[in-house]
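There are 2 protein chains.
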Amino acid sequence: MSLTFSALADPTRRAMLAKLSKGEFNVTDLAKPFLKEMSLPAVTKHLKVLEKAGLVTKTREAQWRPCKLNGEAFKDVSDWMDQYRIFWEESFDRLDAYLKTVTAKKNVKGKKYGSNKK
Amino acid sequence: MSLTFSALADPTRRAMLAKLSKGEFNVTDLAKPFLKEMSLPAVTKHLKVLEKAGLVTKTREAQWRPCKLNGEAFKDVSDWMDQYRIFWEESFDRLDAYLKTVTAKKNVKGKKYGSNKK
Chain A
0 MSLTFSALAD PTRRAMLAKL SKGEFNVTDL AKPFLKEMSL PAVTKHLKVL EKAGLVTKTR
60 EAQWRPCKLN GEAFKDVSDW MDQYRIFWEE SFDRLDAYLK TVTAKKNVKG KKYGSNKK
Chain H
0 MSLTFSALAD PTRRAMLAKL SKGEFNVTDL AKPFLKEMSL PAVTKHLKVL EKAGLVTKTR
60 EAQWRPCKLN GEAFKDVSDW MDQYRIFWEE SFDRLDAYLK TVTAKKNVKG KKYGSNKK
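In order, the protein sequence lines correspond to chains A and H.
According to numbering that gives the first Met the number 0, the first sequence holds residues 0 to 117 in order.
According to numbering that gives the first Met the number 0, the second sequence holds residues 0 to 117 in order.
Rather than coming from a laboratory, the hints here were simulated on the basis of the structure.
Possibly wrong hints are sitting among the right ones.
Copies of one chain are not kept apart here, so a pair can be met inside one copy or by any two copies together.
Claimed, not checked - Pairs of lysine-lysine, DSSO-like flavour, derived with a Cα cap of 27 Å:
1) K99 with K74
2) K21 with K47
3) K99 with K35
4) K67 with K99
5) K35 with K74
6) K74 with K21
7) K31 with K67
8) K67 with K47
9) K47 with K99
Can you build the whole structure from these sequences, using the hints too?
Shown next, in the form of structure tokens:
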């Protein structure tokens with residue numbers, strides 16, 4: 000998990016994953032949008048980090064080397080996250096409860112002032 | 000997101016989060032199990048990384064400083080993960096399909112050999 004989270008902790012690598020979520024790409028096409036900001040060796044280094052973490056798989060098909068996302072690594076992150084699900088659901092419940100209180104107070108105030116004006 | 004993933008990329012910090020998933024702890028109690036392996040300043044440094052990433056909130060209540068998980072930061076990770084859900088669900092579908100094929104083949108073989116033996 001440390002390797003995976005460390006791989007995810009970089010905006011270029013997350014952008015590469017986002018691109019791969021649209022389909023398979025060979026290294027050249029995957030690298031293209033990043034070459035304005037960095038060299039090809041820098042891009043391939045990022046790709047290697049993603050491969051090492053198991054998030055991306057690079058296959059060999061003759062001269063064509065498509066890269067694709069590896070669902071299992073994402074599943075591992077999701078499984079790890081699941082133990083904390085209750086916390087973000089709770090925080091949403093609290094927000095929901097708070098918003099209901101605010102709305103209820105507003106309605107009471109609205110009615111009060113409304114009846115005073117009449 | 001880089002800060003959050005970077006904070007998650009350390010086993011001590013993930014262990015601290017796991018402890019906080021059981022309830023709120025003050026810094027001293029949270030630090031206790033980690034003091035066999037590292038100093039108190041090292042533990043508080045890890046805690047600061049978690050706070051900076053928004054994963055943990057430390058409040059002040061007189062002399063008692065409880066730490067707790069911040070659900071919203073986990074929600075952000077979960078939301079980011081959601082765009083890749085299709086990939087791990089797909090990989091499970093493929094595994095499921097493969098297992099069904101293997102089971103079907105086994106059944107066919109079993110029947111064949113079964114009938115030969117009779």
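Against the structure, the hints:
1. K99 with K74: Intra 35 Å, inter 21 Å, cutoff 27 Å: inter-copy only.
2. K21 with K47: within (20 Å within a copy, 37 Å between copies)
3. K99 with K35: neither (49 Å within a copy, 47 Å between copies)
4. K67 with K99: between (45 Å within a copy, 25 Å between copies)
5. K35 with K74: Close neither inside one copy (32 Å) nor across copies (33 Å); limit 27 Å.
6. K74 with K21: both (18 Å within a copy, 23 Å between copies)
7. K31 with K67: Result: close within a single copy only, 16 Å intra versus 43 Å inter.
8. K67 with K47: within (13 Å within a copy, 36 Å between copies)
9. K47 with K99: Answer is neither: 49 Å inside a copy and 34 Å across each miss the 27 Å cutoff.
Of the numbered hints listed earlier, those contradicted by the structure are 3, 5 and 9.
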